[in-house]
Amino acid sequence: MQAARDLLADGRTVTVTAAATKAGISKATAYRYYSEPAILVAEAGLDIEVLPYEAVVAGCGTTRDKLRAISLYYLDLAIEHEAGFCRYVGLTLLSPREAVPGLATRRGGRRLAMYEAAFEEHEPKVSPEARTACIQALATATGAEAMISLLDVVGTDRQRARFIVGEIAEAVIDRYLGRPGDPV
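In terms of the UniProt record's numbering, the sequence shown opens at residue 1 and continues consecutively.
If you are wondering where the hints come from, they were derived from the structure by calculation, not from laboratory data. We put the beta carbon where it would ideally sit given N, CA and C, even for glycine. Be aware that a few hints might be false.
[As the list claims (entries may be wrong)] Calculated lysine to aspartate or glutamate pairs in the DMTMM-like style (CA-CA distance at most 25 Å, straight line):
hint : residue 1 : residue 2
1    : K22       : D6
2    : K27       : D6
3    : K125      : E80
[Stated by the list, open to error] Okay, the calculated beta carbon distance ranges per label pair:
hint : residue 1 : residue 2 : range
4    : L51       : A23       : 21 to 27 Å
5    : D152      : G109      : 20 to 26 Å
6    : T62       : S35       : 37 to 43 Å
7    : I25       : P52       : 33 to 39 Å
8    : T29       : V154      : 39 to 45 Å
9    : T29       : R175      : 21 to 27 Å
10   : A58       : R158      : 21 to 27 Å
11   : P52       : I148      : 21 to 27 Å
12   : R179      : D6        : 29 to 35 Å
13   : R179      : I148      : 39 to 45 Å
14   : A130      : D65       : 43 to 49 Å
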């Protein structure tokens with residue numbers, strides 16, 4: 001992905017082969033991750049726009065605040081780049097999910113790393129299972145998927161969509177971390 005971003009930034013054509021060469025990996029390995037060149041290009045283009053974790057959670061003091069900020073950030077990012085995210089989602093839905101032993105296929109799993117980082121910084125007292133369940137629940141309720149569901153299926157406007165994602169994030173966080181002021 002980094003090699004594809006570098007190629008885009010340099011104004012060069014992005015292909016799986018070119019990205020593999022730039023990354024110093026074999027073409028076969030690159031195709032295990034990106035069998036469809038269009039998906040690599042679409043994801044690399046969107047990935048350039050993603051802010052670093054520290055910028056997303058700037059000003060947030062608690063794990064709760066950081067998890068909510070990440071959820072809202074990924075919805076805002078999807079709305080801001082709606083056409084690109086819709087194209088990316090469409091491309092991923094059209095490409096086959098190939099089962100490669102030992103390879104966990106993740107289409108656009110950037111938000112997972114941010115949620116993990118929020119937990120790692122403060123390590124609230126939750127079990128590893130609850131932590132995983134919280135991250136999975138938050139990840140399904142934001143980003144392009146939530147944008148499509150809220151704007152296209154439900155018919156909300158962008159402001160209402162943001163409110164709803166914030167409410168869902170709060171409910172999920174309450175479920176797994178407890179409400180503020182709850183006894184530990």
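Structure-based check of each hint:
no., hint, verdict
1, K22 - D6, "9 Å, holds"
2, K27 - D6, "17 Å, holds"
3, K125 - E80, "35 Å, violated"
4, L51 - A23: 21 to 27 Å, "23 Å, holds"
5, D152 - G109: 20 to 26 Å, "23 Å, holds"
6, T62 - S35: 37 to 43 Å, "41 Å, holds"
7, I25 - P52: 33 to 39 Å, "24 Å, violated"
8, T29 - V154: 39 to 45 Å, "41 Å, holds"
9, T29 - R175: 21 to 27 Å, "39 Å, violated"
10, A58 - R158: 21 to 27 Å, "22 Å, holds"
11, P52 - I148: 21 to 27 Å, "26 Å, holds"
12, R179 - D6: 29 to 35 Å, "45 Å, violated"
13, R179 - I148: 39 to 45 Å, "30 Å, violated"
14, A130 - D65: 43 to 49 Å, "18 Å, violated"
When the structure is compared with the earlier hints, violations turn up for hints 3, 7, 9, 12, 13, 14 and for no others.
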